[in-house]
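Spelled out, the chains give:
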Amino acid sequence: MDSKKGTGYYKVGAWFLEADQHYTDQGLLDPNATRGVFVTSVYGRHGISDKITLVGYIPFTRVYQNEQVFTSGNPGQPGEAVNSLGDIDLAVEIQILKRPKWVLATSLTLGIPSGNNSGGSDGSYQTGDGEFNQILKVLAGTSFKITKHSFYAKASVGVNNRSNGFSDEIRLSIETGSQLFKNKFLLLARLNTIQSFFNGSLSAENSNGSIFANNVEVTNLGGEINYFITKKWSASLGYSVPLSRKNIYKAPAVSGGIAYKL
Amino acid sequence: MTTDTATTTSTTSGTTSNTTDSNTSTSTTGSNTATTTTNTATSTTNTSTKIGDDDDVVVTAPQSYQGTIQTTSSYVLTGSYEYGINDAGQLVLDIGDDYEASTAIPRLFVYLTNNPNSPSGGYEIGEVTVFSGAHSYILPSSIDINDYKYILYWCKPYIVKVGDSTIF
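If you're matching them up, the sequences are chains A and B in order. In this text, residue positions in the first sequence follow the numbering used here: the first is 453, and each later residue adds one. In this text, residue positions in the second sequence follow the numbering used here: the first is 50, and each later residue adds one.
In case anyone wonders, no lab produced these hints; they're calculated from the structure. A couple of the hints might just be wrong.
Claimed, not checked - Heads up, incomplete: computed chain A residues facing chain B, CB under 8 Å, no partners named: (1) L481; (2) D482; (3) T594.
Said to hold, decoys possible - Here are the simulated lysine-lysine pairs, DSSO-like style, with alpha carbons at most 30 Å apart: (4) A:K702 x B:K210; (5) A:K463 x A:K589; (6) A:K683 x A:K713; (7) A:K702 x B:K198; (8) A:K684 x A:K503; (9) A:K634 x A:K456.
If you're wondering where the values come from, they're calculated on a predicted model, not measured in any experiment. We treat Cβ as the ideally placed atom computed from N, Cα and C, and that holds for glycine.
Next comes chain A alone, as it looks inside the complex (with noise of 0.2 Å):
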């Protein structure tokens, strides 16, 4: 968000998460065969120049599941996996403002559809939801001082346009954090909320079988910690879990990542 020429930010990082049970449109818990997804991914923010941040997320995603044995009499089901380029993210964010302890940005996202939004036998094993994104937001930040600790905060709220009958959603985010011990350890939490405005045209009558690739809503609330190894290399360990939810698998994710920072 603080945007300056030459530096950049570059992160190899993966999540993942494993499921048996999901929420349904109405919210509610059912059961599903265990599936899994596990994406690695590499993202990159660099400044072009003082005011203008490019940023990328290239996302590689395995979709699976495990094989299905039952002893009630229910068909088993081989196991299946789908590995593939998932949807890329390609971005600009612009600077508006910059005061001392405060900064205000606008971004513009292009959810580039390069995922796979048929894979598998029964074209359920989604990388990708197949639709172009468009999410513009306006960013906020500023940096405050508890006692002796420094700590950050960021928010932001966009808007996803999407496309081919998907419903459009509002996506809303807020992450604190401070460092610790001698700014070798960095924790943060998050708070990530996305809704739809559930005007899309597409239901599992058209979608091809998409799983929870429309009208999901959710609310999660993460944290994460991050050491630095150096002044430029880092790691991290995040975990997350829904707090509130709508056509999405009820399971925590777990992340990880090493990053640079230029």
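Dock chain B against the given chain A, drawing on the hints supplied.
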């Protein structure tokens, strides 16, 4: 699992297909009406066969059943149906105007089964493509009306039951 193909006929609300008309007519004018004791389905039309001149045993062969599809999950799935032989001699599952299914269910399939909890050994009618209102499935002639006891709605990717009805 039987592999013959069923035909789906969709009708708009308030407009009934010929198939539905013929079955409705049969159910309201039929004689020897018997009611089953199952929770959701009612046999409405029967033909009778007397075995032997002096034998009191009468075997009834139901020509149609009526019932209600009910959800067994957190997804909306409900609606009445009639399952029987139409005037053309075809076995038809007619879903009523009051039918409603959540469009959020991925890959929902409908089966005829003898196990209310599994499609194993049943007949796969097909993937559900109608989520509201009346529609019909014309079943192959290889299936007898009394071959299967249950209608089962099944989410294939998640391998879970979504709804059912006991036919008889």
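Evaluation of the provided hints:
1. L481: holds (7 Å)
2. D482: holds (5 Å)
3. T594: violated (39 Å)
4. A:K702 x B:K210: Answer holds: K702 of chain A to K210 of chain B is near 18 Å, not above 30 Å.
5. A:K463 x A:K589: Holds, at roughly 22 Å.
6. A:K683 x A:K713: holds (8 Å)
7. A:K702 x B:K198: Violated, because 34 Å separates the two Cα atoms, which is more than 30 Å.
8. A:K684 x A:K503: holds (22 Å)
9. A:K634 x A:K456: holds (25 Å)
When each numbered hint is compared with the structure, violations occur for hints 3 and 7.
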